[in-house]
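Work out the full structure: start from the sequences and follow the hints.
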Amino acid sequence: MQRYGILSLIREGLRGHTGWEPAWRFPEPKPRYDAVIIGGGGHGLATAYYLAKEHGLTDIAVIEKGWIGGGNAGRNTTIIRSNYLYDESAAIYDHALQLWKTLGRELDFNIMMSHRGVLNLAHDEGELRQLKRRVEANRLNGVDAEWLEPEDVKAFCPPISISPTLRYPVLGATLQRSGGTNRHDAVVWGYARAADALGVDIIQQCEVTNILSEGGAVTGIETTKGTIATPKVASVTAGHTSVIAAMLGLKLPIESHPLQAMVSEPIKPVMPCVVMSSAVHVYVSQSDKGELVIGAGIDPHLSYTQRGSFDIVEHQMAAMVELLPFTSRLRFMRQWGGIVDVCPDASPVISKTRIKGFYVNGGWGTGGWKATPGSGHVFADLIANDEPNAIAAPFALERFVSGALVAEHGAAAVAH
Amino acid sequence: MFLIRCPWCGERDVSDFSYGGEAHIARPADSDAMSDSAWADYVFLRTNPKGVHAERWNHQAGCRRWFNMLRNTATDDILAVYKMGETPPQVSANLPATPSGEAAIGSGNDAAKVMTTEEGRGEGGGK
Ligand SMILES: Cc1cc2nc3c(=O)[nH]c(=O)nc-3n(C[C@H](O)[C@H](O)[C@H](O)COP(=O)(O)OP(=O)(O)OC[C@H]3O[C@@H](n4cnc5c(N)ncnc54)[C@H](O)[C@@H]3O)c2cc1C
Ligand SMILES: [Zn+2]
Numbered sequence: 001m002q003r004y005g006i007l008s009l010i011r012e013g014l015r016g017h018t019g020w021e022p023a024w025r026f027p028e029p030k031p032r033y034d035a036v037i038i039g040g041g042g043h044g045l046a047t048a049y050y051l052a053k054e055h056g057l058t059d060i061a062v063i064e065k066g067w068i069g070g071g072n073a074g075r076n077t078t079i080i081r082s083n084y085l086y087d088e089s090a091a092i093y094d095h096a097l098q099l100w101k102t103l104g105r106e107l108d109f110n111i112m113m114s115h116r117g118v119l120n121l122a123h124d125e126g127e128l129r130q131l132k133r134r135v136e137a138n139r140l141n142g143v144d145a146e147w148l149e150p151e152d153v154k155a156f157c158p159p160i161s162i163s164p165t166l167r168y169p170v171l172g173a174t175l176q177r178s179g180g181t182n183r184h185d186a187v188v189w190g191y192a193r194a195a196d197a198l199g200v201d202i203i204q205q206c207e208v209t210n211i212l213s214e215g216g217a218v219t220g221i222e223t224t225k226g227t228i229a230t231p232k233v234a235s236v237t238a239g240h241t242s243v244i245a246a247m248l249g250l251k252l253p254i255e256s257h258p259l260q261a262m263v264s265e266p267i268k269p270v271m272p273c274v275v276m277s278s279a280v281h282v283y284v285s286q287s288d289k290g291e292l293v294i295g296a297g298i299d300p301h302l303s304y305t306q307r308g309s310f311d312i313v314e315h316q317m318a319a320m321v322e323l324l325p326f327t328s329r330l331r332f333m334r335q336w337g338g339i340v341d342v343c344p345d346a347s348p349v350i351s352k353t354r355i356k357g358f359y360v361n362g363g364w365g366t367g368g369w370k371a372t373p374g375s376g377h378v379f380a381d382l383i384a385n386d387e388p389n390a391i392a393a394p395f396a397l398e399r400f401v402s403g404a405l406v407a408e409h410g411a412a413a414v415a416h
Numbered sequence: 417m418f419l420i421r422c423p424w425c426g427e428r429d430v431s432d433f434s435y436g437g438e439a440h441i442a443r444p445a446d447s448d449a450m451s452d453s454a455w456a457d458y459v460f461l462r463t464n465p466k467g468v469h470a471e472r473w474n475h476q477a478g479c480r481r482w483f484n485m486l487r488n489t490a491t492d493d494i495l496a497v498y499k500m501g502e503t504p505p506q507v508s509a510n511l512p513a514t515p516s517g518e519a520a521i522g523s524g525n526d527a528a529k530v531m532t533t534e535e536g537r538g539e540g541g542g543k
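Read top to bottom, the protein sequences are chains A and B.
Quick note on this note's numbering: the first sequence kicks off at 1 and runs consecutively.
Quick note on this note's numbering: the second sequence kicks off at 417 and runs consecutively.
Rather than coming from a laboratory, the hints here were simulated on the basis of the structure.
Heads up, some of the hints might be wrong.
[To be verified] So the derived label-pair ranges between C-beta atoms look like this:
| # | chain 1 | residue 1 | chain 2 | residue 2 | range |
| --- | --- | --- | --- | --- | --- |
| 1 | A | E387 | B | W424 | 35 to 41 Å |
| 2 | A | V321 | B | S453 | 47 to 53 Å |
| 3 | B | W482 | A | E222 | 56 to 62 Å |
| 4 | A | R167 | B | M500 | 38 to 44 Å |
| 5 | B | M500 | A | T219 | 39 to 45 Å |
| 6 | B | H440 | A | M333 | 54 to 60 Å |
| 7 | A | E387 | B | S451 | 44 to 50 Å |
| 8 | A | P22 | B | E427 | 49 to 55 Å |
| 9 | A | A390 | B | R443 | 36 to 42 Å |
[Unchecked claim] Derived contacts from chain B toward chain A, CB cut-off under 10 Å, selection only:
| # | residue |
| --- | --- |
| 10 | R421 |
| 11 | C425 |
| 12 | E427 |
| 13 | F433 |
| 14 | Y435 |
| 15 | S453 |
| 16 | R462 |
| 17 | P504 |
| 18 | P512 |
These numbers were taken from a predicted model, which means no experiment stands behind them.
Using N, Cα and C, we set each Cβ at its ideal position, and we do this for glycine too.
Structural data, given as structure tokens:
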């Protein structure tokens with residue numbers, strides 16, 4: 001793998017940028033692989049990378065129907081935090097957060113990781129108590145968390161008004177200083193380049209159309225580029241998880257909904273951190289280009305149409321102007337939607353299935369980006385060993401039978 | 417966004433309505449004798465198809481009555497509206513040519529359509 005850095009930049013600058021190598025290959029699928037990963041989003045590519053790097057499984061392929069990172073990876077607002085209430089969630093999201101800290105260096109790719117801090121605002125007494133409880137729960141789990149009084153909120157994020165006469169007064173906020181944002185494309189490309197260098201075939205413009213099994217065990221897949229034999233198939237397809245599982249006759253506790261986001265015209269730096277408010281329903285940050293990046297809520301009905309309803313945008317704008325009145329004069333440049341895979345307990349599925357060799361990683365819903373490295377890391381472990389490790393185990397499908405749900409709905413504040 | 421024709425009030429914006437989830441999931445009659453996995457199936461498992469979906473809606477900002485609807489979740493085409501308790505009518509839908517593909521019109525996702533040649537355009541294709 002060609003190393004990136006100041007020296008290669010200078011060298012290439014001097015010779016007209018003629019020496020850059022393609023970051024990954026565009027191979028044709030081989031007739032057989034040791035394992036096939038369906039879905040070239042962040043989670044799928046991370047899974048492939050860790051399978052190759054930590055488990056020595058290099059004769060594997062990632063099959064992507066569009067282009068890598070064109071799904072939710074390329075559509076999300078990249079808010080990263082790990083301050084979830086329950087132990088199981090704290091374990092996996094914080095595992096991811098620790099990996100994010102050094103990922104750019106590990107992949108030799110600038111993922112523009114910015115630990116700018118994430119504020120979760122409290123607007124009423126109930127929310128205040130619940131968020132304070134969450135700070136304490138986080139601390140017990142070793143997750144970085146602080147409680148800020150209104151003056152400290154103002155000092156940390158000046159555009160927020162703490163006037164007590166507001167309709168939704170800010171009574172305080174939780175702060176996770178290590179939370180923040182990063183660059184979605186760079187994460188996808190960094191993982192793809194590193195996985196490719198380890199021998200992983202990344203096959204784009206190739207849709208998996210069927211999964212073959214015999215005697216309750218996976219034997220291969222059919223794709224738009226032909227049949228591939230493999231004993232292990234891992235679905236990491238976000239909004240399409242149910243479609244893939246249905247190929248083996250499996251029904252999942254997942255439903256797919258459109259989720260929208262939008263960006264404003266670029267403005268000078270005004271938002272120093274990520275701000276989330278569940279009562280008003282706003283989550284916003286400012287990109288390095290200066291755009292305010294705003295995420296909305298899901299359409300209540302299930303759908304695979306990647307656009308979302310207009311009334312959701314209207315609600316979002318109303319909420320945004322309520323929380324940050326100066327934004328009323330901003331123009332919005334782009335709006336888009338992605339299809340998110342929502343589980344009833346708002347926690348993911350990382351699981352074996354009753355079909356031997358078929359593994360599912362999905363159900364991340366509206367908030368899986370932050371988990372990308374952790375999710376790929378523990379899922380690779382599950383695929384390689386056919387057993388979940390301690391972090392992945394609580395997210396097995398059996399929880400819907402046993403009742404041991406990881407019910408993060410109320411606890412996760414805004415859905416991200 | 418789409419318009420829904422309430423069987424009692426007529427066509428209204430989707431924001432008038434609230435979504436009631438997958439239709440025709442009958443509450444089990446013999447629930448005392450049910451296994452945990454049968455309960456999981458009833459409470460949590462859903463078909464979530466990319467294609468024709470039978471679902472319940474309530475005209476919340478109107479007559480507040482419930483009804484069923486068939487909708488193509490790949491395009492948001494509404495294919496039929498029918499009353500609670502009725503069996504879903506036969507419909508035809510503009511489906512994607514492949515299970516995770518995009519329908520020719522209305523997918524909201526033109527950019528991500530699989531770039532196949534002619535043979536990739538199956539029944540539902542035809543521009
Ligand atoms: C608008 C929006 C905002 C969000 N904001 C945040 C946020 O701020 N923070 C956060 O943590 N999370 C956020 N999320 C959620 C996050 O984006 C997802 O949970 C996460 O990206 C999902 O994992 P992924 O990257 O692997 O998914 P994807 O990028 O969707 O990857 C799945 C891939 O599978 C491919 N695929 C599907 N079917 C097939 C098939 N049959 N054959 C081959 N390939 C197939 C798809 O083309 C796709 O590329 C947001 C999501 C959206 C839509
Ligand atoms: Zn009505």
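Hint check results:
1. A:E387 with B:W424: 35 to 41 Å: About 55 Å separates the Cβ atoms of E387 of chain A and W424 of chain B, which means 35 to 41 Å is violated.
2. A:V321 with B:S453: 47 to 53 Å: Check passed, 48 Å falls within 47 to 53 Å.
3. B:W482 with A:E222: 56 to 62 Å: At roughly 41 Å between Cβ atoms, E222 of chain A and W482 of chain B fall outside 56 to 62 Å, so the hint is violated.
4. A:R167 with B:M500: 38 to 44 Å: Taking Cβ atoms as reference, R167 of chain A and M500 of chain B lie about 39 Å apart, which means the hint holds.
5. B:M500 with A:T219: 39 to 45 Å: holds (44 Å)
6. B:H440 with A:M333: 54 to 60 Å: violated (43 Å)
7. A:E387 with B:S451: 44 to 50 Å: violated (25 Å)
8. A:P22 with B:E427: 49 to 55 Å: holds (52 Å)
9. A:A390 with B:R443: 36 to 42 Å: holds (37 Å)
10. R421: violated (15 Å)
11. C425: Nearest chain A Cβ about 18 Å off; hint violated.
12. E427: Cβ of E427 of chain B sits 16 Å from chain A, so the hint is violated.
13. F433: Hint on F433 of chain B: holds, closest Cβ of chain A at ~9 Å, below 10 Å.
14. Y435: holds (4 Å)
15. S453: holds (5 Å)
16. R462: holds (5 Å)
17. P504: violated (16 Å)
18. P512: Hint on P512 of chain B: holds, closest Cβ of chain A at ~9 Å, below 10 Å.
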